[in-house]
Structures are given as C-alpha cells and as structure tokens.
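J.: So you can see what is in the structure, the chains are spelled out below.
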Amino acid sequence: MSTFRCDIVTPESLLFSEEVNFVSVPGSEGELGILAKHAPVVSTLKLGAIRVKREENSEPLAFAVTGGYVEIDGTKVVVLATRAVDASTVTPEEARASKAAAEQKLSALAEDDSRAAFYNDEIAFFELLENLHAARA
Amino acid sequence: MPSLRDIQKRINSVQSTKQITRTMEMVATAKIRRATDRIIAATPFAVAMVEVLQSVARRSSGNENPLLAAKNDSKRIAVVVVVSDRGLAGGFNSNVLRAADRFISRMKEEGIECDNILCGKKALGYFNYRKLPVTLSFRDQSADPKIDQAREIASFVIDSYINNKIDQVVIFYNHAKNVADQVLTKEQILPIETVAYHETGEGETDAIYLDESAKAAAAGAAEKLAQARKAAESVSQADEMQGYFDYEPSMEAVLNALLPAYVETRIFHALLDSAAGEQGARRKAMKSATDNANEMSTTLKRVFNRARQGAITTEITEIVGGAAALEG
Chain A
74 MSTFRCDIVT PESLLFSEEV NFVSVPGSEG ELGILAKHAP VVSTLKLGAI RVKREENSEP
134 LAFAVTGGYV EIDGTKVVVL ATRAVDASTV TPEEARASKA AAEQKLSALA EDDSRAAFYN
194 DEIAFFELLE NLHAARA
Chain B
1268 MPSLRDIQKR INSVQSTKQI TRTMEMVATA KIRRATDRII AATPFAVAMV EVLQSVARRS
1328 SGNENPLLAA KNDSKRIAVV VVVSDRGLAG GFNSNVLRAA DRFISRMKEE GIECDNILCG
1388 KKALGYFNYR KLPVTLSFRD QSADPKIDQA REIASFVIDS YINNKIDQVV IFYNHAKNVA
1448 DQVLTKEQIL PIETVAYHET GEGETDAIYL DESAKAAAAG AAEKLAQARK AAESVSQADE
1508 MQGYFDYEPS MEAVLNALLP AYVETRIFHA LLDSAAGEQG ARRKAMKSAT DNANEMSTTL
1568 KRVFNRARQG AITTEITEIV GGAAALEG
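Line order of the protein sequences matches chains A and B. Under the numbering used here, residue 210 is the last one in the first sequence; the count climbs by one each step, no gaps. Under the numbering used here, residue 1595 is the last one in the second sequence; the count climbs by one each step, no gaps.
Chain A extracted, bound-state conformation (with noise of 0.2 Å):
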C-alpha cells in the first residue's frame, strides 16, 4: 500500500508529521476517512477523534481535536486544529481531573455567562480524550 504525509499541526506546535497509510478525521460533515490518492478536499472539523495508521494493521494512533481544517491536496493531508492533543500523552486520571475542573468552574458561573460555551466545549474535550482510552483499553 502506498503512504502519504501527514501533518497535524495546531497554533502553538507542529503536533505530527509522518508518512501514514491512513488517517480518519471528523469532518463537519462527518467522518472522513483518507487513503493516499484520495481526492482534494477542504473540509472543517468538529469535536472528535483523528486515528492515524503508519501500516495497514498496525494499531491506529488517536488524537482529539476541537475543531479546524483538513486540506486533503492529492499529496499530502495537513489538519490544522485549533486545539489537538496526543491521546497516548494524557492519562485517563488527567483527562477525568480536567474534565471535573471545568465542570465544577461550569457550575460556579451564572446561568448567561459567555464563558460557559468555553468550559462545555472544554468538558467535551476532556470526555473525549477519557473516551479514547476506554476505547482502546
């Protein structure tokens, strides 16, 4: 099977770049899986998970995302996330304890406040990545 280069890369960090055999991202219009020659597409994202397999069977790397950009080019696939994060990099234990953090900082915040969008799409981040591990453990 042919490979291709993928690049994740988010503000701050160039998060992966290798060359992969397949990568499944969540398009906004639902999940989107690429295989090298796959054709150009710009796609958003949403909240989800990005599996990625260096070889056919081998067991597929996870990372969570909250949103962004996929440029498929023919060549090469560059996810430009707002926010990503290595799954195997956090543990159940953290992801739980952040989770518990935002979701208590939620309640502490008035009905309207403008901020509470921010600590949902936090408490959904951090479920996310818990979800990851439950999935693969």
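Wrong hints could be hidden among the right ones.
[Unchecked claim] Quick partial rundown of chain B residues pointing at chain A, CB under 10 Å, derived from the structure:
id: 1; residue: A1308
id: 2; residue: A1315
id: 3; residue: S1322
id: 4; residue: D1434
[Said to hold, decoys possible] Here are the simulated EDC-like cross-link-like pairs (lysine to aspartate or glutamate), alpha carbons at most 16 Å apart as the crow flies:
id: 5; chain 1: A; residue 1: K126; chain 2: A; residue 2: E91
id: 6; chain 1: B; residue 1: K1413; chain 2: B; residue 2: E1515
id: 7; chain 1: A; residue 1: K119; chain 2: B; residue 2: E1515
id: 8; chain 1: B; residue 1: K1298; chain 2: B; residue 2: D1411
id: 9; chain 1: B; residue 1: K1413; chain 2: A; residue 2: D80
id: 10; chain 1: A; residue 1: K119; chain 2: A; residue 2: E195
id: 11; chain 1: A; residue 1: K126; chain 2: A; residue 2: E200
id: 12; chain 1: A; residue 1: K110; chain 2: B; residue 2: D1513
id: 13; chain 1: A; residue 1: K119; chain 2: A; residue 2: E176
[Stated by the list, open to error] Pairwise CB distance ranges (calculated):
id: 14; chain 1: A; residue 1: S131; chain 2: B; residue 2: T1296; range: 24 to 30 Å
id: 15; chain 1: B; residue 1: L1403; chain 2: A; residue 2: S75; range: 48 to 54 Å
id: 16; chain 1: A; residue 1: A197; chain 2: B; residue 2: M1293; range: 42 to 48 Å
id: 17; chain 1: B; residue 1: Y1396; chain 2: A; residue 2: A197; range: 51 to 57 Å
Since the hints were made in silico from the structure, they are not lab data. Every residue gets a Cβ at the ideal spot worked out from N, C-alpha and C, and that includes glycine.
Given chain A, work out where chain B should sit, using these hints.
T.: Only chain B this time, still in chain A's reference frame:
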C-alpha cells in the same frame, strides 16, 4: 578631591550594578532561545494556514465575507498595542507606545475614535497615566504569549467589526528582525487586505511576513522556513495541477471559518514576535549597560589610584619634612 572612601564606595556600587546587568543580559540571552523556539513551533501552522487560505481565496470569486469588505469611512478604529510587562529593555516599549499615541491623537484630530487594546503592563501604565481610554487589556503574559490571548483579542475585534462597532483594526508591535534589532511595525488586521492575500498566490506577501518572523528566529528558523517554503511551493504546484478542491460543507463555509482563524494567527504571531523582540532588546540594553559599567569602573579605579598615590606622596613629604625639622 573626593576622599578614598567615597571613591571606593562608588566603585563598589558600580560593580554591583554591573553584576545585575550582566546577569540580566545572560538571562535574556537564554530567553531569546526559548522565544525563538516558540516562533519556530508556530510557523508550520501559519504556513499551512496561509496555504489553505490561498487555495480557497484563489477559487472563490465573490468575497462576501464581511471581514474582507473594507468600509467606506472609518469612524472608529481598534488599536492593538503589543509591548512587554517589564522595562529595562531600552526603547522597546516606548517606541511602540509613542507611535501608538501619535496615531491615536492624529485619529482624534480627524474625528476618529479609537478602541485601545493593550497587551503588556507597560502599555497599561502609559495609557492610564495619560488618561487614554482602555477597552481591553492583558498583563503578565508578554513573556509567554498563549494562543488563548490571541483568540480573545481576535474574537473581540471580529465581533465588533461585524457588528459595525469598529471599522478598522490595526496592530502596533515590535517585529524581531534579528536577535539584535527590533523594528516597529504597524499592520492592518481588519479588513483583511484582499490584495495582500491574493498576491500570495505566487507566495509573496504573506510568505514574506512568515519569512521575517522566522528570520527573527535566527539561523535555525531560517532553515526551517526555507523548508516550509519549499513545501509550500511544491504544494502550490501540486495544487495547480489538481485544478480544484471539494469543499465541505461549502466553499463559503470554509472561508468564513478560515478568516477568523487567520486573524487569530496573525495576532498570535505578533505576540510571539514581540516576545522574542523584548528579549533581544533587553539583551542589547543590558549589554551596553554592562559595557558602560565596565568603563566607569576602570575610570574610577584610575581616580582611586591617583588619589591614593597623592595621599602617600603627601605623607612622605610630611615625614621627610618632619625629620628635616628634627635634624635642623
């Protein structure tokens, strides 16, 4: 003539000042590296961002996004001022502040109000002292800018821009041209200059912007950028051949989502650039302070020795005189 003790005191004080400035110089040198690394880390995202924006912009014909539309007359401008939290960095802060101040008062003469968004404690002090209005301010973040700060500024200006509360957004910051030099830079954030990013079809304007911010990052970054640029070139060629992209959900939706992120990226880059510049400026300022202290302590030592020699000579003359008087 000052007494020996006085001179010694001055020498000591100059020496201890020198120690401080030299330490600060070394600390700044170490921090330049860190700041530079951050710029390098952020460059791939910016490059990728510009690439996507280019390919989208080249294909989208009608630009109906409000962020692209220039308004006919400006009545209110948002001014983003990026300086540092700490002083002792030569003209680093005052250059930016003075330029921003001049700009604001010139606008006022023309009857244009300014919303001031300040990043860095020094800006806060300056504006409060002069009783200039402050709309938003950030402090204690200048040394280590976070994307969240850029996001907050971006969402504020975009929101105000779309709701017609402001008609233009400019940013003032120090661009770290290289490790030693900072250039005062004024850029327009909104409306996004269509010319600028259309021209980048050939990889010019925005590539230069990226180019320079990476240049700040000394040699290693420049190399990295060359790679990024080469990558960008090969992509745009591939892009040319590919002909078209599919857009999900739609081209407009992609563009509408991309532009705010582009604004955010530019602001974030300015913050990073300024952080690197701050350390560079501080190092330069502290280096010259250390040099001055060295020079001063040499001069003082000379004065001290002369005074001591003078005192000894006087004593000898007195002793000889006294002995001669006894003999006589």
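J.: Does each hint fit the structure? Answer for all of them.
T.: Against the structure, the hints:
About 4 Å separates the beta-carbon of B/A1308 from the nearest beta-carbon of chain A, less than 10 Å, and the hint is met. Interface restraint check: B/A1315 against chain A, minimum CB-CB distance 5 Å, threshold 10 Å, status holds. Hint status for B/S1322: holds, given a least beta-carbon distance of 7 Å to chain A, under 10 Å. A least Cβ separation of about 24 Å between B/D1434 and chain A goes past the 10 Å threshold, and the interface hint is therefore violated.
At roughly 10 Å between alpha-carbon atoms, A/K126 and A/E91 fall within 16 Å of each other, so this suggested pair holds. About 30 Å separates the Cα atoms of B/K1413 and B/E1515, which puts this hinted pair outside 16 Å; it is violated. Only pairs whose Cα atoms come within 16 Å are accepted, and A/K119 paired with B/E1515 is accepted, the gap being roughly 12 Å. The suggested pairing of B/K1298 with B/D1411 holds, with an alpha-carbon distance near 10 Å, which does not exceed 16 Å.
At roughly 22 Å between alpha-carbon atoms, B/K1413 and A/D80 are farther apart than 16 Å, so this suggested pair is violated. With a C-alpha separation of about 14 Å, the suggested pairing of A/K119 with A/E195 holds against the 16 Å cut-off. A C-alpha spacing of about 23 Å is found between A/K126 and A/E200, which places the hinted pair above 16 Å, so the restraint is violated. For the proposed pair A/K110 and B/D1513, the alpha carbon gap of about 14 Å is at most 16 Å, so the pair holds.
Between the alpha carbons of A/K119 and A/E176 the distance comes to roughly 21 Å, so the proposed pair goes past 16 Å and is violated. Roughly 44 Å separates the CB atoms of A/S131 and B/T1296, a value that falls outside the hinted 24 to 30 Å. Between B/L1403 and A/S75 the CB atoms are about 50 Å apart, so this pair conforms to the stated range of 48 to 54 Å. Judged by the Cβ atoms, the range 42 to 48 Å given for A/A197 and B/M1293 holds: they are separated by roughly 45 Å.
About 44 Å separates the C-beta atoms of B/Y1396 and A/A197, a value inconsistent with the hinted range of 51 to 57 Å.
When each numbered hint is compared with the structure, violations occur for hints 4, 6, 9, 11, 13, 14 and 17.
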